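Construct the entire structure; sequences and hints are all you get.
Residue strings, one per chain:
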Amino acid sequence: MQTRNTKEIYQQLKKARIKILIPLILLTITSYFFFIWIIAFNPIFFGILIFDTNISIGIFLGFLLILLIFLITLIYVYLANKILEPLINKIQTNV
Amino acid sequence: MYKLIFLLGLLISNLLYAGAGDEEPNYTAIIMFILFVGVTLFITYWASKKTHTAKSFYTAGGNITGLQNGLAISGDFMSAASFLGISGLVYLSGFDGLIYSIGFLVGWPIILLLIAEPLRNLGKYSFSDVVSFRLKQKPIRILAACGSLSTVILYLIAQMVGAGKLIEILFGLPYYSAVMIVGGLMISYVTFGGMLATTWVQIIKAVLLLFGATLMALLVLSQFEFNFNQLFSEAVNIHSKGEYIMAPGGLISDPVSAISLGLALMFGTAGLPHILMRFFTVPDAVQARKSVVYATGFIGYFYILTFIIGFGAIVLVSNNPEYLNNSGALIGNNNMAAIHLSHAVGGDILLGFISAVAFATILAVVSGLTLAGASAISHDLYANAFIKGQNNEKIEMKVSKLATIFLGVLAVFLGILFEEQNVAFMVGLAFAIAATTNFPILILSIYWKNLTTRGAVIGGSAGLFIAIFLVILGPVVWVDIFGNNEAIFPYKYPALFSMIVTFVGIWFFSKTDKSKNSINEKKLFESQYFRSQTGVGIDKPNAY
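Protein sequences, first through last, are from chains L and B.
Numbering of the first sequence is given in numbering that gives the first Met the number 0, commencing with residue 0 and proceeding in unit increments.
Numbering of the second sequence is given in numbering that gives the first Met the number 0, commencing with residue 0 and proceeding in unit increments.
The hints are simulated quantities; they were obtained by calculation from the structure and are not laboratory data.
Check before you lean on any hint, since a few could be wrong.
As the list claims (entries may be wrong) - Listed below are the simulated DSSO-like cross-link pairs for lysine-lysine, each with C-alpha atoms no more than 27 Å apart in a straight line: (1) K18(L) - K521(B); (2) K522(B) - K13(L); (3) K137(B) - K515(B); (4) K89(L) - K13(L); (5) K522(B) - K137(B); (6) K400(B) - K13(L); (7) K510(B) - K135(B); (8) K14(L) - K448(B); (9) K18(L) - K448(B); (10) K448(B) - K6(L); (11) K522(B) - K89(L); (12) K54(B) - K400(B); (13) K13(L) - K448(B); (14) K18(L) - K6(L); (15) K137(B) - K289(B); (16) K18(L) - K89(L); (17) K521(B) - K14(L); (18) K123(B) - K13(L); (19) K81(L) - K289(B); (20) K448(B) - K89(L); (21) K135(B) - K123(B).
To be verified - According to the in silico footprint, chain L covers these stretches of chain B (three or more CB under 8 Å from chain L): (22) 91–99; (23) 107–118; (24) 230–244; (25) 258–267; (26) 287–298.
Since we're looking at a predicted model, the values are computed, not measured.
By construction, the Cβ of each residue, glycine as well, lies at the ideal position given by its N, Cα and C atoms.
What follows is the structure in C-alpha cells.
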C-alpha cells in the first residue's frame with residue numbers, strides 16, 4: 000500500500016504533528032489547571048482588584064483564559080492548514 | 000406531513016388555552032414561538048425528502064460546512080440550562096459562574112487537538128465506529144452504547160425537567176403538557192428529518208440565541224455608558240455578598256473537588272456522544288477542524304455575554320419589586336434572572352423574544368440528544384452488535400426511527416416522573432460518565448497501540464459503575480436526595496477517582512491480555528493510525 004516515498008512523508012507528518020500538538024496541549028492543560036488551582040488554594044488572590052478599577056484579577060484572568068482557549072484553536076488550525084495539510088494531500092494523491 | 004400539521008394545530012390550541020389564564024399572555028412570545036415551530040417543521044418536511052439512507056439520517060449526508068457545523072455544535076452547547084443556568088449562577092454568586100463557563104470551553108482545544116480529525120477519518124456515524132475499528136465489534140459496541148445512552152438519558156432528563164418548569168413559568172402551560180409538546184416536536188424533527196433537520200434547527204436557534212444574548216448585553220452595557228468598571232462597581236454595591244462576588248465563592252472549596260470538577264468538564268466534553276456525532280456531518284478533516292474553531296469562538300463569546308447578563312441582572316433586576324416575590328427572591332428561581340432582565344431592558348417585546356428563544360433552545364438540544372441516543376440503539380446495538388454485518392439499511396433506518404420514538408416517549412415519561420426532584424446533579428453525572436467511559440476508550444483506541452478488547456471492556460465498564468456509585472454515595476444524592484446525615488463518599492464530583500479506575504483498569508487488562516485476538520488487534524494499529532492521520536479511505540459525502 001505504501002511506497003517508499005509515502006512512508007517518508009508519513010514519518011514527516013507524524014513528527015510535524017507532534018511538534019505542533021505538544022506545546023498547545025501543555026498550554027491548554029497548564030493554564031486551565033493553574034486557574035482551577037488558584038480557585039481551590041488562594042481564592043482571595045482572585046478577589047484583589049486591579050489598580051484602581053473595580054475589576055478583580057480573577058475576572059480579568061478568566062476573560063483572558065476564554066480568549067486564550069480560542070486563540071489556541073485558531074493557532075492550531077492555522078498551523079495544521081499550513082504545515083500538515085500539504086503533507087496529507089501528498090499522501091492522499093500517492094495512495 | 001399531516002402529522003406535522005396536526006401537531007402544530009395542537010400546539011397553537013394549547014398556547015391559546017394557556018393565554019386564556021389569569022395573566023395577560025405575552026403575544027410576542029407566542030407569535031415568535033409559533034413562527035419558529037412553523038419554520039422548523041417546514042425544514043423538517045424539506046429534510047424528510049432528502050433523508051432516505053442511513054448516511055443521510057445519521058450525518059445529513061456529510062455535506063455540512065465548517066461554519067454550519069460550528070454553529071450547530073455551539074447550539075448543542077448553548078442549552079437553556081447553560082444560558083439560564085450560568086447567568087443565574089452569576090446573578091447568585093458572581094465569579095463562580097465563570098468557573099463553569101471556562102470548564103465547558105476548555106474541552107474544545109482537547110477535542111480539536113486530539114480527537115476531531117481521527118474521529119472524522121475513522122468513523123462513519125458514531126464514535127463507537129472509531130473504538131471498534133480494530134477491536135471486537137460486539138462487546139465494544141455494547142459498552143460504547145451503554146456509555147452513550149446513559150449520558151444521553153441523564154442529559155435528557157435534566158433538559159426535560161428544566162424545560163417543563165421553564166415553559167410552565169413563561170407560557171403558563173401545565174407542566175405535563177409542556178413536557179409533552181417538547182417530546183412531540185422533538186420526535187417529529189428527528190424521525191422525519193434526521194440529522195439534516197436536527198442540524199438546521201440547531202443552527203437557526205444558535206443564531207437567534209446569539210442575537211438575543213448580544214442585544215441584551217448591549218442594552219445592559221448601554222445603561223452603564225459601556226463601562227465594565229461602572230457595571231461591576233454598582234453590582235458590588237447592590238449584591239448582598241458585596242465585594243465577594245468578584246472572587247471565587249463556595250463552588251469549589253478543596254483541591255480534590257477542584258481537580259475532579261476540572262477533569263469532568265474538560266474531558267467530559269470530549270466524550271459527549273451528541274457532540275462527537277456532529278463531526279461525521281462534515282465532508283473531511285479540514286472542515287472538522289474549521290468547525291471546532293467556529294464553535295469555540297461562538298461558545299466563548301456566548302459565555303462572556305452570559306457573564307454580562309448575570310451582572311446586569313444583579314443591578315437591574317435584584318432590587319426591582321416587579322421581579323421579586325413576597326420573600327424578596329426572584330419570581331420563579333435564580334435561573335429566571337436572564338428572563339426578568341430581558342423585560343427590564345427591553346420590555347414585553349424582548350421578554351417575548353427571549354422566552355421564545357429559550358423554548359427553541361430546549362427543543363433543539365433535546366433533538367440532538369435523541370438522535371445521538373437513537374443512533375446508539377440502531378447503529379451500534381442493533382446493526383453492529385446483534386445482527387452483525389447482515390445489515391439491511393432500510394431496516395436499520397426503521398429501527399432508528401422506532402428508537403427515536405421510544406427515547407422521546409421515555410424522555411417525556413422520565414420528565415414527568417422527576418418533576419419534583421433536584422435534577423441539577425444529572426448533568427454533572429452525565430459529564431462524569433462521558434469523561435470516565437467514553438473519553439478514555441475513544442482516546443486510547445486512537446493513540447494506544449496496546450489497547451485490547453478485554454482491557455477496554457473491563458476498564459470502561461468498571462469506570463462507568465464506579466462513577467454512578469460514587470455519585471449515589473456522594474453528598475448530592477446520599478444527603479440531599481436520600482436525606483442521610485453524612486455522605487459516604489465526601490466529594491461532589493467523582494471524575495478524578497473514576498477516571499483513574501478506568502485508565503488503570505484498561506492499562507492492566509490490556510497489558511496482561513495474551514489472547515490470539517489481542518495480538519491481531521495490536522497488529523491492526525499501524526494501518527488504523529495511518530488512516531486516522533491521513534484520511535486515506537474515508538467515505539465521500541452524498542451528492543445532492
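Outcome of the hint check:
{"no.": "1", "hint": "K18(L) - K521(B)", "in the structure": "holds (25 Å)"}
{"no.": "2", "hint": "K522(B) - K13(L)", "in the structure": "holds (19 Å)"}
{"no.": "3", "hint": "K137(B) - K515(B)", "in the structure": "holds (17 Å)"}
{"no.": "4", "hint": "K89(L) - K13(L)", "in the structure": "holds (14 Å)"}
{"no.": "5", "hint": "K522(B) - K137(B)", "in the structure": "holds (20 Å)"}
{"no.": "6", "hint": "K400(B) - K13(L)", "in the structure": "violated (41 Å)"}
{"no.": "7", "hint": "K510(B) - K135(B)", "in the structure": "holds (17 Å)"}
{"no.": "8", "hint": "K14(L) - K448(B)", "in the structure": "holds (17 Å)"}
{"no.": "9", "hint": "K18(L) - K448(B)", "in the structure": "holds (20 Å)"}
{"no.": "10", "hint": "K448(B) - K6(L)", "in the structure": "holds (19 Å)"}
{"no.": "11", "hint": "K522(B) - K89(L)", "in the structure": "holds (25 Å)"}
{"no.": "12", "hint": "K54(B) - K400(B)", "in the structure": "holds (14 Å)"}
{"no.": "13", "hint": "K13(L) - K448(B)", "in the structure": "holds (15 Å)"}
{"no.": "14", "hint": "K18(L) - K6(L)", "in the structure": "holds (19 Å)"}
{"no.": "15", "hint": "K137(B) - K289(B)", "in the structure": "violated (33 Å)"}
{"no.": "16", "hint": "K18(L) - K89(L)", "in the structure": "holds (20 Å)"}
{"no.": "17", "hint": "K521(B) - K14(L)", "in the structure": "holds (22 Å)"}
{"no.": "18", "hint": "K123(B) - K13(L)", "in the structure": "holds (24 Å)"}
{"no.": "19", "hint": "K81(L) - K289(B)", "in the structure": "holds (13 Å)"}
{"no.": "20", "hint": "K448(B) - K89(L)", "in the structure": "holds (25 Å)"}
{"no.": "21", "hint": "K135(B) - K123(B)", "in the structure": "holds (17 Å)"}
{"no.": "22", "hint": "91–99", "in the structure": "holds (count 3)"}
{"no.": "23", "hint": "107–118", "in the structure": "holds (count 6)"}
{"no.": "24", "hint": "230–244", "in the structure": "holds (count 5)"}
{"no.": "25", "hint": "258–267", "in the structure": "holds (count 4)"}
{"no.": "26", "hint": "287–298", "in the structure": "holds (count 6)"}
In the structure shown, a violation is registered for the earlier hints numbered 6, 15, in ascending order.
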